[in-house]
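Asker: Chains as they are written, first to last, in the working numbering: chain D, 1 to 399; chain S, 1 to 399; chain Y, 1 to 399.
Everything labelled a hint here was simulated from the structure, so no lab data went into it. You may find that some hints are simply not true.
The list makes no distinction among identical chains, and a pair is therefore deemed to hold if it is satisfied within one copy or across any two copies.
[As the list claims (entries may be wrong)] With a straight-line cut-off of 30 angstroms between C-alpha atoms, the simulated DSS-like cross-links for lysine-lysine are:
1) Lys324 to Lys142
2) Lys378 to Lys308
3) Lys129 to Lys142
4) Lys129 to Lys341
5) Lys253 to Lys18
6) Lys179 to Lys142
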Amino acid sequence: MTDFKKLVSDIEGLGANKMYQGDFFQTWEKDDSEIAATLKTADALRSLRERNISTKVFDSGLGISIFRDNSTRTRFSFSSACNMLGLEIQDLDESKSQIAHGETVRETATMISFMADVIGIRDDMYIGKGNAYMHEVVDAVKESNADGILEQRPNLVDLQDDMDHPTQALADLNSIIHKYGGVENLKGKKIVMSWAYSPSYGKPLSVPQAIVGLMTRFGMNVVLAHPKGYEIMPEVEKIAAENAAKSGGTFTKTNDMKAAFADADVIYCKSWAPFAAMKKRSDLYGEGDFDGIDRLEKELLAQNAQHKDWACTEDMMKLTHEGKALYMHPLPADITGVSAKEGEVDASVFDRYRNDLYIQASYKPYVIAAMIFLSKFKQPAKVLQDLETRGQERQLSEN
Amino acid sequence: MTDFKKLVSDIEGLGANKMYQGDFFQTWEKDDSEIAATLKTADALRSLRERNISTKVFDSGLGISIFRDNSTRTRFSFSSACNMLGLEIQDLDESKSQIAHGETVRETATMISFMADVIGIRDDMYIGKGNAYMHEVVDAVKESNADGILEQRPNLVDLQDDMDHPTQALADLNSIIHKYGGVENLKGKKIVMSWAYSPSYGKPLSVPQAIVGLMTRFGMNVVLAHPKGYEIMPEVEKIAAENAAKSGGTFTKTNDMKAAFADADVIYCKSWAPFAAMKKRSDLYGEGDFDGIDRLEKELLAQNAQHKDWACTEDMMKLTHEGKALYMHPLPADITGVSAKEGEVDASVFDRYRNDLYIQASYKPYVIAAMIFLSKFKQPAKVLQDLETRGQERQLSEN
Amino acid sequence: MTDFKKLVSDIEGLGANKMYQGDFFQTWEKDDSEIAATLKTADALRSLRERNISTKVFDSGLGISIFRDNSTRTRFSFSSACNMLGLEIQDLDESKSQIAHGETVRETATMISFMADVIGIRDDMYIGKGNAYMHEVVDAVKESNADGILEQRPNLVDLQDDMDHPTQALADLNSIIHKYGGVENLKGKKIVMSWAYSPSYGKPLSVPQAIVGLMTRFGMNVVLAHPKGYEIMPEVEKIAAENAAKSGGTFTKTNDMKAAFADADVIYCKSWAPFAAMKKRSDLYGEGDFDGIDRLEKELLAQNAQHKDWACTEDMMKLTHEGKALYMHPLPADITGVSAKEGEVDASVFDRYRNDLYIQASYKPYVIAAMIFLSKFKQPAKVLQDLETRGQERQLSEN
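Based on the sequences and whatever the hints tell you, model everything.
Answerer: As structure tokens, then:
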């Protein structure tokens, strides 16, 4: 059986049709079969594209993107995913839009969705806002579809919210599954999600939370390491602990970076802002207290500066399993001496893992395409097989 | 005969080929058969799409958009229309363009049109400018096509000018035709185009003018209501009066909102700026007198504030036919207590008609697609029938 | 033999497969057969499109554009070229991107290229930067492709660098080849690349350099004319001289505009900034000396103002061959009394050649499409023939 046939058969077996007409919010809302179906569908789509077989399942239709924060990687990943399925990107650039003050989310969501098959949203800046906004959008389009206003029901892909970054974490997960030759080989591996110093301020919590919220599901020993005061959201810690218990792995926390790195198999090391501070910032923003936000920023930078020793250095990497843990990062990284005077990672460490990091990133377009695909087909395995059988070339062949 | 077959047959009967290679400027330049062909073609395209039948008539080609004012609804409608026909949007963002000071419209229009099949323009800000600019663009591309410079002749869709808003008014018209079960049922209905208070300044005249300029063609009793001083352009009033006389309806004006609402079947209620003020504003702009524009704005806001009683309240709606007139608005509305302290409409009225308003908006992409379609085919009825026969799926089916 | 058959046969004979998987940087890096293949492929693609035959060779895929300077003509040309081949444009708008300070070009280039088939870059502002940046991007994607990170290798189209403007010069060349009925008829023709006065500052050197660097290859007598102090880069002059020697033409320089125009067959007349000044500006920019840049700008404007007599006037045109030389310009031009008080060209001269200028511009989308096409197919002649045989309609026919 070829790999592709095996993937199709696995997807068939997972009963992936439960994702039909659904949305992809946070990973912890999806059961194990849904996570598995997403990754296997991503692999199947990749297999087709690598063999120059078209994955266009739409002959027309729009993919709407709403980015409430700058983005390069996720923006291009979403565009790529839509394009490979046959959807054209239409970006809602709020600065060019005539969105009335106080206009309801229901109205905007409906107005942009008359021919939308998918909506991708990044909204990660304020605690309590991003995921809530995505739910408002989804509720709106579901209602408008049920009311006969929208002919089709656009499905949501969460491109990063204030708690989770599902497309990132799933791409990361798929990259280590491929690295270790199968999800079953992740059992017992030690993966560290560690805070690291960065001269910039207020990096989202959604990446570290996404990592501990997802990686705890596969029997790994997941360690969350950070200086005191850099706690993540308690509800995500709870999810991680429950996942670990269920999967036969562990979830531990430490304020000792060296203890965390000891004998680790995978190091995921990046800066984030403390949950308490992010919460305060959201509150100040809600009150329109911009002086308060400025003061908070100064405090946080000063607090960060006390932890410049939290960096993924060569010495730290030596502590890992055989000194050869896989180093991961969602990019762009603050590289000491390159993109920052003092940063998250030594240049030599970063350079050694550069290709691994780029391959890690390469999974994201396919993960997004899989999320869309599974929301659109009741029988995803059959449609994947049909695509192979159809054998339409992506690039015209010369034979 | 199915509805689709009937639509195709009706379009055939209308001799719609007269729109071939034409442009869609203002509705009053089109005869009744052209208006009818546009709406029936919109319905036929919608029927195909609702049945998952592809309406792609282009395998490649560009649809150019030029928005000289912010837009969400019209921007997405134009994108949707182009996409469903197979054209990719290329936006001329004048802020990113290297358009030389004094460069002729003919030059820019030609330079962006080498592979353009359609050009959509919104230019509604200054009296005497928008429609004139669109004509300059059309003259340019026609000349360049005739001179052998452009291989194809891009056709224009007026996405709102300084006088008319044809795609809005035709979508609105189609929505009431469907509401009443046929254009013949509009005869004798009373429709009110009423001014309403808004705290914002300088809303375009093109919507109220579009409504009275179009709705008077179908035997309705059309009432234009506004406070003294909020007159629209006299030439549009003249068009409306002539239309009414010809169609067997009426066109009346009043400064009494209650009299207007009495026994009305349809209420279209929104704010606009007086024609005289808009004219003055355009002149000041022409003179570069920005202080003058600021003064004018203050005067207009003060003038508006004297008419806060002009609002579509529950009490006003009770005056309408059985208290149940259809409430219409192009959106976004200034809703009292929601998007404005005091606005155009009570929240409870707006909420009751929300679905109707959204359905009203849903006709716009198809109206635009129909305009493009009719400009591209000599035998539109035949091509629509061919599309059904071809039966290409928009989304790959699972059967 | 039809023209199309002849083109296909010529392309076959040129052994154009040497451009497969290559990039299009500066024209002087391409040999004569590559230049010929590019123009003939452009003509073949144009022939197909003019006959409503689809040139889509991709069913999906992205064309990435990076514009580090404003652009209308080149932006639309690149979009058109990608669209006609089946690629969707994804623009890297650096202002909306999350590109970290100090992030390597390799990283950004890889991150945007997971599904990119082509990258078009305009980077013409600073001497020593644009071409270097493009090479960095190409090195990055080649390495990432070789390392198995990128599934396909995006090929570069140089949309204007700090030295050359290959898509402009090749479109210009193709326009005079068609004007004179064949490249062989260019031999012995006198073409003048002349500086002209413009009230604006710092126009790129890449156009005049592109012209003398390319037109010297076809046996023409190429004259570079400018006031003292407006020298172009010495290395490009060297290339031009070598080309002329090899092709049996001449390359001469003069500071006498009248002598240059005397008996000329083709006049290419536009403003540019002196190489020495552009070099200084790049250095000041590198040092962050913005006051210095302001001072330099003032000096250059004063220097320009001493040469207002360098204009393509009716009197000057009378000096040319039978008073009827072809007037060329990349557009937009500074037209005296139209787009500038005093400019590069008399309005009456410009008007007389308007259609020629627009036709000149019409070649650019096809030149870009040809560059992409040749980088994607080992057997371009065969694929072009296959496209004609496939005979897919671009716009659905009515028969």
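Asker: It remains to establish, for every hint, whether it holds in the given structure.
Answerer: Verification of the supplied hints:
1. For the identical chains of this complex, Lys324 and Lys142 are inter-copy neighbours only, at 27 angstroms across copies versus 48 angstroms inside a copy, given an alpha-carbon limit of 30 angstroms.
2. In the homo-oligomer, the alpha carbons of Lys378 and Lys308 never lie at most 30 angstroms apart, since the shortest distance is 51 angstroms inside one protomer and 53 angstroms across protomers.
3. Taking the shortest Cα distances, Lys129 and Lys142 sit within 30 angstroms of each other inside one copy (20 angstroms), while across copies they are farther apart (41 angstroms).
4. In the homo-oligomer, the alpha carbons of Lys129 and Lys341 lie at most 30 angstroms apart only across protomers (24 angstroms), although the nearest pairing inside one protomer, at 33 angstroms, exceeds that limit.
5. In this homomeric assembly, Lys253 and Lys18 never come within 30 angstroms of each other (Cα to Cα): the closest approach is 35 angstroms inside a single copy and 58 angstroms across copies.
6. Within a single copy, Lys179 and Lys142 get their C-alpha atoms only as close as 39 angstroms, which misses the 30 angstroms cut-off; across copies the closest is 23 angstroms, which meets it.
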